[in-house]
Every structure is written in structure tokens, then in C-alpha cells.
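Enquirer: In case you want the letters, here they are:
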Amino acid sequence: MKTAQVIMDTGAHAAALAVKSARVDVVPGYPITPQTSIMEALAAMVENGELHARFIPVEGEHSSMAAAVAASAAGARVFTATSANGLLYMHEVLHMASGGRLPVVMCNVNRGIFAPWTLWADHQDSMAQRDTGWIQYHCSSNQEVFNTILQAFRVAEQINIPVMVNFDGFAISHCLMPLTLPSQEDIDRFLPPYEPEWRLDPAHPSSFSNVTNAPEYAPFRQMLSDDIMASIPLVKQAAQEYKDITGMWDGDTIDTYRLEDAEVVAFAINSMGAELRLSIDILRQQGIKAGLLRPRLYLPFPAEDIITALPQNAQVMVLDRNYNFGHPGGILASELKSVLFGRRNDITVKNRVMGIGGIDLTRQFMAAEIRAMMDE
Amino acid sequence: MATSIKKLPDIEQVLSGNGACGGCPATMGLRIVGKALGSNAIMLLTPSCSVASMGMTPRLGYNWPCINITFASAGSSASGITHALEVMQEKGRLHGELPTVFAWVGDGGTYDIGFQALSGAAERNDNIIFFCYNNEAYSNTGVQRSGATPRGSFTTTTPTGKRQPKKNMALLMLEHNIPYVATATVAYPGDLYDKVVKAKNIPGMKYIEIQAPCYLGWQFDMPETVQMSRMAVRSGAWLLWEAENGKISFNNPSSLIISGKKDAAPVDEYLMKQGRFNRLLKGPDAESRIAEIQGDIDREIAFIRERAKITI
Amino acid sequence: MKSLTKAYRPISWPTKGAGGDTGSWRTHRPVVDTQICNKCQICWVYCPEAVIDRQEITIDYRYCKGCGVCAVECPTGAISMEMEE
Numbered sequence: 501m502k503t504a505q506v507i508m509d510t511g512a513h514a515a516a517l518a519v520k521s522a523r524v525d526v527v528p529g530y531p532i533t534p535q536t537s538i539m540e541a542l543a544a545m546v547e548n549g550e551l552h553a554r555f556i557p558v559e560g561e562h563s564s565m566a567a568a569v570a571a572s573a574a575g576a577r578v579f580t581a582t583s584a585n586g587l588l589y590m591h592e593v594l595h596m597a598s599g600g601r602l603p604v605v606m607c608n609v610n611r612g613i614f615a616p617w618t619l620w621a622d623h624q625d626s627m628a629q630r631d632t633g634w635i636q637y638h639c640s641s642n643q644e645v646f647n648t649i650l651q652a653f654r655v656a657e658q659i660n661i662p663v664m665v666n667f668d669g670f671a672i673s674h675c676l677m678p679l680t681l682p683s684q685e686d687i688d689r690f691l692p693p694y695e696p697e698w699r700l701d702p703a704h705p706s707s708f709s710n711v712t713n714a715p716e717y718a719p720f721r722q723m724l725s726d727d728i729m730a731s732i733p734l735v736k737q738a739a740q741e742y743k744d745i746t747g748m749w750d751g752d753t754i755d756t757y758r759l760e761d762a763e764v765v766a767f768a769i770n771s772m773g774a775e776l777r778l779s780i781d782i783l784r785q786q787g788i789k790a791g792l793l794r795p796r797l798y799l800p801f802p803a804e805d806i807i808t809a810l811p812q813n814a815q816v817m818v819l820d821r822n823y824n825f826g827h828p829g830g831i832l833a834s835e836l837k838s839v840l841f842g843r844r845n846d847i848t849v850k851n852r853v854m855g856i857g858g859i860d861l862t863r864q865f866m867a868a869e870i871r872a873m874m875d876e
Numbered sequence: 002m003a004t005s006i007k008k009l010p011d012i013e014q015v016l017s018g019n020g021a022c023g024g025c026p027a028t029m030g031l032r033i034v035g036k037a038l039g040s041n042a043i044m045l046l047t048p049s050c051s052v053a054s055m056g057m058t059p060r061l062g063y064n065w066p067c068i069n070i071t072f073a074s075a076g077s078s079a080s081g082i083t084h085a086l087e088v089m090q091e092k093g094r095l096h097g098e099l100p101t102v103f104a105w106v107g108d109g110g111t112y113d114i115g116f117q118a119l120s121g122a123a124e125r126n127d128n129i130i131f132f133c134y135n136n137e138a139y140s141n142t143g144v145q146r147s148g149a150t151p152r153g154s155f156t157t158t159t160p161t162g163k164r165q166p167k168k169n170m171a172l173l174m175l176e177h178n179i180p181y182v183a184t185a186t187v188a189y190p191g192d193l194y195d196k197v198v199k200a201k202n203i204p205g206m207k208y209i210e211i212q213a214p215c216y217l218g219w220q221f222d223m224p225e226t227v228q229m230s231r232m233a234v235r236s237g238a239w240l241l242w243e244a245e246n247g248k249i250s251f252n253n254p255s256s257l258i259i260s261g262k263k264d265a266a267p268v269d270e271y272l273m274k275q276g277r278f279n280r281l282l283k284g285p286d287a288e289s290r291i292a293e294i295q296g297d298i299d300r301e302i303a304f305i306r307e308r309a310k311i312t313i
Numbered sequence: 002m003k004s005l006t007k008a009y010r011p012i013s014w015p016t017k018g019a020g021g022d023t024g025s026w027r028t029h030r031p032v033v034d035t036q037i038c039n040k041c042q043i044c045w046v047y048c049p050e051a052v053i054d055r056q057e058i059t060i061d062y063r064y065c066k067g068c069g070v071c072a073v074e075c076p077t078g079a080i081s082m083e084m085e086e
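Chains as they are written, first to last, in this note's numbering: chain P, 501 to 876; chain S, 2 to 313; chain D, 2 to 86.
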């Protein structure tokens, strides 16, 4: 490990620094709160020569992702970022990125979606992209945002599947936290240059996007589904090698805190995961054997790791920052129940939706909620 | 003088036995474009006839690397590719002459759903050639109205003839202040060839619109594709012009019409040849509706004649 | 470029006959009268299918769709459209 540098930085700027150190080639971008700061930072880095890349100031998010997938098909390493309705506007092109097996990496700075308008965080935006064939990480701190973007590029390019790195608007994107920057030499060792196995090349003219008959279409969709599942070992490997090189660890598919002997397990993602550590401490002080299981990887859902990690007979309190419309409660709870069914009948799952539209989730509030859920 | 037929290059980028209809004006035009661009190019398509024409996996009817992208995004995707190539060359990962990046898009993907992305790419002056092959309707899905469908034309979504005039897309692109805009049509291959060669050698955004009479959509006889294209120009319903850095010049025979040296043929004859105006021509208000169409044409001629006088 | 160890995408490669043997679509076949033809190449330039040899003015009937544009455009009337059997 070479000398690292420690600074104070926002999550959005940490993301931009990670993108810079990933040596990306093309960054299409369009402003939307709270993601805008990432684009501003990258545009400035390109302009002042810190980052040798092209910033494409597109006229909308649909075009942002369209430019990203096309640049990726041309052989470039590509990054973009968005939030909320911008992500929804991209929806169609997200499918092209995954179906086209184009390893674009994107930050989604989580924000509740219209209507009514809100500027603040919840997870409805990225959850609504569940079935687009992207790998989705959720980060709990600025440092984790930085680390995960580098891991995301590596996983994406290994398996040709795009990766979305999610983190909460404002709570992470706009808050200053200490940030350790590994040396560029270490990052280059971790993330080799992108060498696509196929690209748009007049020396070898070909197309991947002709109309296909069902006998061709179906196997490629099956392969995408299989490969998304097959990314789990790559995610673990990336986290481990990142740790070996930089010394930093945020968890791999999951992150846990005081889980081993826990009788009550908080289950949540994104910035809630950081605050929940403090809630767990509060509960422990109150004599409750509480622990935390935070999936870092939302898609593919790390079923085996969750099943293995949950202590015997635990009550799992799923704190969802989204609605699973048409079902009671939130989406994470449904995902978890489907994974546990028939595998871990000893586990009880309880669920609350909270933090919608940026409602503040303090450690005291979440500790109290978990306590209340125990009595339900 | 436009390049003569015998001087056009041999190279064929549109391969025989592709999936296009017989007499297809899009492949006819694309063949000439291929002769001008050569093989060192990357092609973008959006859902349109030319995607149907390119054949089904694993066979490709064009001799370029091709990418079919989402309908709304030819302009921005072309930007993505051109920036990727340029930066990869700067970083030493690509060598030699960079490929020409071109979008080959129908009028729906240009005038309608693709307008925003095209406008953005033009405003950024990204280094691409955007071709609109304009068959004046959504022909691939069975002929529905588009923003390029002229007034009076029958489509499956304008069963009594379209009531509104078409947009003047080429003029809209001209007012994006891009370095090159041209119109062409398949009956004048030398003119089209010259325009594409010119566009290829100009950095920045180039827009070339090729009028492409579609016998299915326009309801004329299949062998008459070129005849129809020629009649469109002779009647003034389609004008051949180009603009370098905003300065318009007209190409023969449209230049004769604009300068008043030759009268445009009355539009009636052009309309009569096409089944898509049939219902209109048979109705009791035929005369006034033909007059409306003639009025649209006269207005466009008058407008562009005046616009061409602005040379600063 | 790395070797293609795994085809992640349904790749298509340029080939004649991407739409099949499109000559089978034809109802009428263009026949060139070489006595009349002056090899002006107008038929070649307008052929949407690139099936006419510009020097010999011969037609690749495997792919010619029989649209008849060549016959209409031929200035000498050297091309006639004959009904397929």
C-alpha cells in the first residue's frame, strides 16, 4: 500500500474523485438535484485537465444513458450519474446497457420520486429499476461511495454488466466526512485498463443489435440472468482485493455489525446502515441483543450470504425506505422473505417503511422503532 | 456540376439480399452514402425500415459496424461514440484516421421522437453526420403520420388526410448554427454523393436529409421510386439545397425554381400519382385542399429564398 | 481486441443475403438487351439492391427483388420486366 491521503469531502465529490482515479474516458451528464454536484465536479476536472476524458453535456437523462451506452460500445470506460426522475427517464436505455452487455457505471443519488415533488432521499427511484438487469450497490458512507465505484468498474468490466452505485441524497451526497484517498498507483493496480472483448470497429464490422428470433433472443436473456447471479463471487473478490491493496473494507455483498449473537437484527441499506450502527449500540445499552445486517449489494440479492449470516431464531426488523405498492410494507422485506422461505423457518421478519422523502432517520428514532417492532 | 454516375466509386456498403422492400428508397440512398463514406465509418440506427432491412441475427446487410439504439436517442448516442473515439485516440488507444460516425434515421426518429437528442447534438456541434431518410411517415410500422407527413396525405392515423403541414426540419437544423446542412433525394445520386463527401470532410455536426419516396406508404407503383423523387423536386415539393456555415446555396434543378428561371411544375401531377392523396383528390373540397398544399409549397419556397439572402 | 471467449451479445456479421435469397420475392425479372444497352450505368446507380454489375450490366438474380426501377430508369429501353415462371 502506497501513501494514502486523508481529506474532508462530500459524498458527491468523493464519487467524482473515484471516477477520476478510475481514468474514465467519457462522462455524459445532465443536472438533477442532488446528483448535480458530481457532474459539476467532473466537468471541472475535464476542463482543467485533471481528468483526460470527454464530458458530454447532454440535453436530458435519456440522452445521458444513450450517450453512455454508445460510448461504451465504442470501447470507452464510461460513467454517468443521476437521481430520481432522471433515473426514471433513463429507464428504457438502462435495459439497453444490460441487454447490450455494456459495462457502464452510474451513481444514482437516491431521491424520492414525483408526484408530489420532493428533493430528499428515499429509495423508490432505484428500486423502480429493479428489473432492468443492472447490478446495484447501496453505500452507507462517503468512503464507501469512493471505494465502491472502483469496485463497480472492475465487476462491470469483468462480466459485462452495468453497475449502479446508490447512495442517499444529502445525507451522503452533501455531507462532509473524512475520506481516505488511496494512491493512484494502488488504484491502477486494482483496476486495470478497460479492454472490451467486442466494440464498434470498422476493421471488424459487426452489429449486436439486429432483430433476433426467439431461438436467439431467449438464450441471451437467460445468459444475462445467469451472469447477474454469477457476479456475486466477483463482487466478493473485488472487495477482498481492494482491501488487500488499500486496506479498506466496507463489507462485500453484505456488511454486518454486532451480528454474531444478535437476537434482534436490523436489516436496511444505504445511509441508514451507518446510522443504525449507533441505534444498535443504544439497544445493546438497553440490554437488547441487537445487530445489523446491511446488504451492500441489493442486486443480485445476496441470498446465500444473508441466510448464512443471520443468527438462529433472530427477529429481523426490515427498515424499508420505499413502498412495495400493492403489498403491505416495503420491497426489501418482500425480497428477504422470499429468500428465507423454506430455508430459515426459525427467522421472524417484521417490516416498517420509514424515511420517505428524506424524513430524518436518527439513531434514537430507529432504535425506538426497532423496540416497538419487537412488541408487535 | 454534380459527380457523374460513372465516376462514383465501386465500393458497396449495402449488401445484396438485405431485408428491404423491393425498390426501397432508403437502401437506394444508403448505397450512395456508402460510396461517399467508404468503409471507415460507424453506423447508428434507430427503429425504422433500415433496421428491418439490415437482416436478422446473425446476418447483417450493411458492411459497417452498426448499433441500433433506442428510438429517441440517435443524436446523443452518436455524440457518445464520436467523443469516445476522439478521446481514445488522444490517449493512444486508437490509431489512424478516425471513423466517420453517422446516424441513419427515419423521419420519425428525426422529426418526432428523436428531435430532442438531435437538437442537443447539433447545439453541441458534435462531430457526426446525421442522415434523415425521409419517407414522410412511419413506414416500418405500416404507415402512420409523422411530423414529416405533408398536409393532405393519407396515413393509417390520418384516414381523411393530414390536416397540418409538415415541419421544415432542414431549416430547423440550419438555425442550430451547425457547419453543414443539406437536402437531397434519391433521383439525384451525384448531388447526394457530393454532399456526403463534403460533410465527411467538415468537422462538427452535419445534417443531411434525403427525401425517400416509399411506394408502400405513398401508394405508387414500385418501379417509380426514382420518378416520384424527381417529380417532387420538379414541383418544388422538395427543394435541393445545402448550407455551409449558414450560407444557403441551391442545387439544380431547385436553383432554377428559386431563381425564377424555371417554373415549378404544378403540384397536381405529383399528387395525382400518389394514392396517399387519393381520398383528398376525390372529395368535394378537393380544389381547396390542393390549393392548401400548393400554398405550403409556395410558402416554403418564398421563405427559403428570403432566408438564403442572409449571408452573414 | 481480446479473443471472443464468450459471446455476450448476439453478434451479426456482414453478409450478402441477410434477408435470405431475396430473388425469390420477384414476380418479374429484369432482362437486359445487350444490343440496345449503352452501359450508361443509370440502372446500376439506382438499383437499391446493388445487384447490377456496372461494367457488364449483368444482374445477380439470386438477390434481385424485381422492383423494376432499372427498367423504368433505363434511357434506352434496354431493360424489360419479364414475368417469372
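Watch out, some of these pointers could steer you wrong.
Heads up, incomplete: computed chain S residues facing chain D, CB under 10 Å, no partners named [unchecked claim]:
| # | residue |
| --- | --- |
| 1 | Met2 |
| 2 | Met57 |
| 3 | Phe116 |
| 4 | Ile203 |
| 5 | Ile291 |
Lysine-lysine pairs mimicking DSS-like chemistry, simulated, CA-CA at most 27 Å apart [unchecked claim]:
| # | chain 1 | residue 1 | chain 2 | residue 2 |
| --- | --- | --- | --- | --- |
| 6 | S | Lys283 | D | Lys40 |
| 7 | S | Lys263 | S | Lys168 |
| 8 | D | Lys40 | S | Lys248 |
| 9 | S | Lys8 | S | Lys168 |
| 10 | S | Lys262 | S | Lys274 |
| 11 | S | Lys248 | S | Lys168 |
I should point out that these hints are in silico values taken from the structure, not numbers from a laboratory.
Beta carbons are placed, not taken as given, at the ideal position from N, Cα and C, and that holds for glycine.
Enquirer: For the pair supplied as a hint, Lys248 of chain S and Lys168 of chain S, is the alpha-carbon distance within the 27 Å limit?
Expert: With a Cα-Cα distance of about 21 Å, the restraint between Lys248 of chain S and Lys168 of chain S holds, given a limit of 27 Å.
Enquirer: Going by Cβ atoms only, is Ile203 of chain S closer than 10 Å to chain D?
Expert: Given a least distance of 25 Å, the restraint on Ile203 of chain S is violated.
Enquirer: Does the alpha-carbon distance linking Lys262 of chain S and Lys274 of chain S stay inside the 27 Å limit?
Expert: Holds, because 26 Å separates the two Cα atoms, which is no more than 27 Å.
Enquirer: Under 10 Å, Cβ to Cβ, is where Met2 of chain S needs to be relative to chain D, so tell me if that hint holds or is violated.
Expert: violated, 16 Å
Enquirer: If you draw a straight line from the CA of Lys8 of chain S to the CA of Lys168 of chain S, is it 27 Å or shorter?
Expert: The hint is violated at about 35 Å.
Enquirer: Can you verify the interface hint for Met57 of chain S: is its Cβ closer than 10 Å to any Cβ in chain D?
Expert: Since chain D brings a Cβ to about 8 Å from Met57 of chain S, closer than 10 Å, the hint holds.
Enquirer: Under the criterion that the straight-line Cα-Cα distance not exceed 27 Å, is the pair Lys40 of chain D, Lys248 of chain S satisfied?
Expert: violated, 38 Å
Enquirer: Does the closest beta carbon of chain D sit nearer than 10 Å to the beta carbon of Ile291 of chain S?
Expert: violated, 26 Å
Enquirer: Would you settle whether the hint for Phe116 of chain S is holds or violated, based on the nearest Cβ-Cβ distance to chain D being less than 10 Å?
Expert: With Cβ-Cβ at 27 Å, over 10 Å, it is violated.
Enquirer: Going straight from one Cα to the other, do Lys263 of chain S and Lys168 of chain S come out at no more than 27 Å?
Expert: At roughly 26 Å apart (the allowed maximum being 27 Å), Lys168 of chain S and Lys263 of chain S satisfy the hint.
Enquirer: Would the pair Lys283 of chain S and Lys40 of chain D pass a check requiring their Cα atoms to be no farther apart than 27 Å?
Expert: Distance ~43 Å between Lys283 of chain S and Lys40 of chain D Cα, so the pair is violated.
The structure is inconsistent with the numbered hints 1, 3, 4, 5, 6, 8, 9, although it conforms to all the rest.
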